[in-house]
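A.B. asks: Sequence:
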Amino acid sequence: MTDAEGNWQQEGLTAEEYDKICSDLNREPNRLELGMYGVMWSEHCSYKNSRRLLKKLPSEGEKVIQGPGENAGIVDLGEGLAAAFKVESHNHPSAVAPFKGAATGLGGIARDVISVGSRPAAALGAICLGELESERSQWLAVEAVDGILSYGKGIDVPTVRSSFNFSQAYESNPLVNAMCVGILPADREVRARAGSPGSLIILAGAATGTEGVSGASFASDELSAEEENGDKSEEVPAGRPEIEKRLISASLEIIEEDLLIGLQDLGAAGITGAASEMAGASGTGIELELEKVPLTSEDPGSYEIMLAETQERMMFSVEKSSSEKVLEILRSYDLEAEVIGTVIEDKILRVKEGEKTKADLPVGSLTEGFPIPEREMEKPDYPGDFAEKSSSDISWPGTLKEAALEMLRAPGLGANRWFLEKAGNEGRKEVLNSSEECAGALMLPDERVLVADISSRGHYCHLDPRLGSKLTTAEVARSISSCGAKPLAVTDGLNFGSPENPGVYWQLNEGIEGIGEVCRELDLPVIGGNVSLYNEGAEGSIFPTPVIGMIGIAEKDNYITSAFKKEGDVIYLLGETKAELGGSEFVRRAAGENCGSLPDLDLDQEKNIQKVCRRAAAQNLLKSACSCGSGGLFMALAAAAVSGDLGASLELNGDLSLEEELFAETPGRILVSLSSEKEEELIDMAADKGAAVRKLGQVGKKEVSLENRLNISLEEMKSAWNSAISGKLKG
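Residue numbers (full-length UniProt numbering): 1 to 731.
Take the hints with a grain of salt, since some may be wrong.
[Said to hold, decoys possible] The calculated lysine-lysine pairs, modelled on DSS-like cross-linking and capped at a C-alpha distance of 27 Å, are:
#: 1; residue 1: K566; residue 2: K429
#: 2; residue 1: K486; residue 2: K565
#: 3; residue 1: K578; residue 2: K689
#: 4; residue 1: K728; residue 2: K718
#: 5; residue 1: K20; residue 2: K352
#: 6; residue 1: K63; residue 2: K689
#: 7; residue 1: K356; residue 2: K320
#: 8; residue 1: K245; residue 2: K292
#: 9; residue 1: K352; residue 2: K292
#: 10; residue 1: K292; residue 2: K320
[Claimed, not checked] Distance windows between CB atoms, simulated:
#: 11; residue 1: D258; residue 2: G198; range: 16 to 24 Å
#: 12; residue 1: E576; residue 2: D19; range: 55 to 63 Å
#: 13; residue 1: G424; residue 2: E707; range: 36 to 44 Å
#: 14; residue 1: E539; residue 2: T399; range: 32 to 40 Å
Simulated from the structure, these hints should not be mistaken for lab results. These figures come from a predicted structure and were not determined experimentally. For glycine and all other residues, C-beta sits at the position ideal for the given N, C-alpha and C.
Based on the provided sequences and hints, a complete structural model is requested.
C.D. replies: Below is the structure:
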């Protein structure tokens, strides 16, 4: 057996893939070449298990400037501006070293939006952890949140929104997804390309060390017991936001001075990934000179240099005539910067160390040559058919008030308040949203408002992955519409277990089908995203968890918040509540398990309700609006009351139980308040669109009351909500 044959398994390759490599090269690869194939053919870099399915998602639209295939998608915001955005997972590193993993996850996605020429403007996070009774989950929660927030502050990017889910399903394998939104001129074109032969390749940023070698392969495998226990935390790269901040400024200066051919961040697969992707995009090759790569004092070898995932690095392609100016700019920001290669005509990635050739690989083979696995799909047999269990006879064992307060204490419903209070955005004038808003909001330079949201509903998708994905996507769009903004486009993070399991592969397909159906109906192109598979640990696979990120745009005068504004204003519900408690937070907390049939999604009603809300906001009919999502109508009421420091007096006369009225998570509903003089206009507007509308009551003083069945003071609500996370953390 040759050394290569003995090493292919260590690089995460299969026997079929190793044979394909030997066939492509017409020889056996050496150790470095095998390592380069290992990272480039990993699931993390190749998407070999998901690329067929991803083609089912709509990716084109009138506002799309750049769709899937680049570092981040770009949409036209009008008025000469565009937004670049993308979501990325950093699950396995965050499971092992949550602070470093979460921090570098945000750093990596920020570099993705820089790579298409935008300045990072806002960050969002989606985190799924085990139940907070677990000390491990408490540790992960604090460390992951601190990692995201500290890195964001270090690069001067506010974190404006978060989504949290807590379930035993994530105990062994937590999920940490970060989303970044950047702003750029709409006519700017920066892409990851090498350019023509003779162009020079510059590596800049931090010096290259040995951190995260083969990290892409690590991210493409299941977590072992020792990895779950953090025994490999030293192998996770550390983030240095102070370097990234300088790298952002230097990159944008180079772009603005028109000195650039192409730009690529270094993340998974390090120099190997960046160089091969840039060469592949241009139909050329690159010859690299390893002795010119700026190194740390660790003195790594060629294998480590090519595969290390040292953070805060970018690769620039420039004309030879521009190279000195580019190096001057980079070094003026106290960054390591050297010309490390040349673009060549042959479509080869050649790695040299002095006169020695250390690797000589066809670019097409590295980037696209992997065999596509044939995976089987089969709907799994769920124990006890929990999706079929009836939730209609589930009730809270105590009083309605106790149920309402317990909902406010639910970690998944209160974590965003805790997260944004730690974020400390109060001094940032561009950040418009409070912790109770339905979405993050940024004031643009032209005084329009960019709205962004992120969410995942893994417990929904566990019951029904297709319908759960549909409900998640519709909910994020509804949150943006409830701010008076028009949803523009989607980025998705698909977090699933092993695709080698037919049940998991079925879940992945169903999830993608569900996202695609809603996006087509709501005219939302999916312009990029991330797939993270093999999310499994000692306790099995995670819930199927698609994360949906979305942005929208509103005129300044059309932007509305969730807060009640004035005592005596009337409160209406756009949409219709149904007896649909299945899969809800209420059922999970009352029954102690995730069960029941999910609420149905009427896409026509969903679309019409969102249109009515946006139109009413544009005509200045509304004082406030809040989407009904997790926790149902009651949590929307709580957000409106607590953020506005005003109560509400309600009458819910109907055929439903009060538990169903308050806690059902029927989609297609938005809670609004307005002056009584404008009631008829809203009713007529809803009728014109065929949208249901119903008066619930009026804004009151310092309590929320309901037909003598419920009376909660604002202070009680605030206290319960504030304890959702902090009350469960030890120490």
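A.B. asks: Need the list of violated hint numbers for this structure, in ascending order.
C.D. replies: Violated hints: none at all, because every hint is consistent with the structure.
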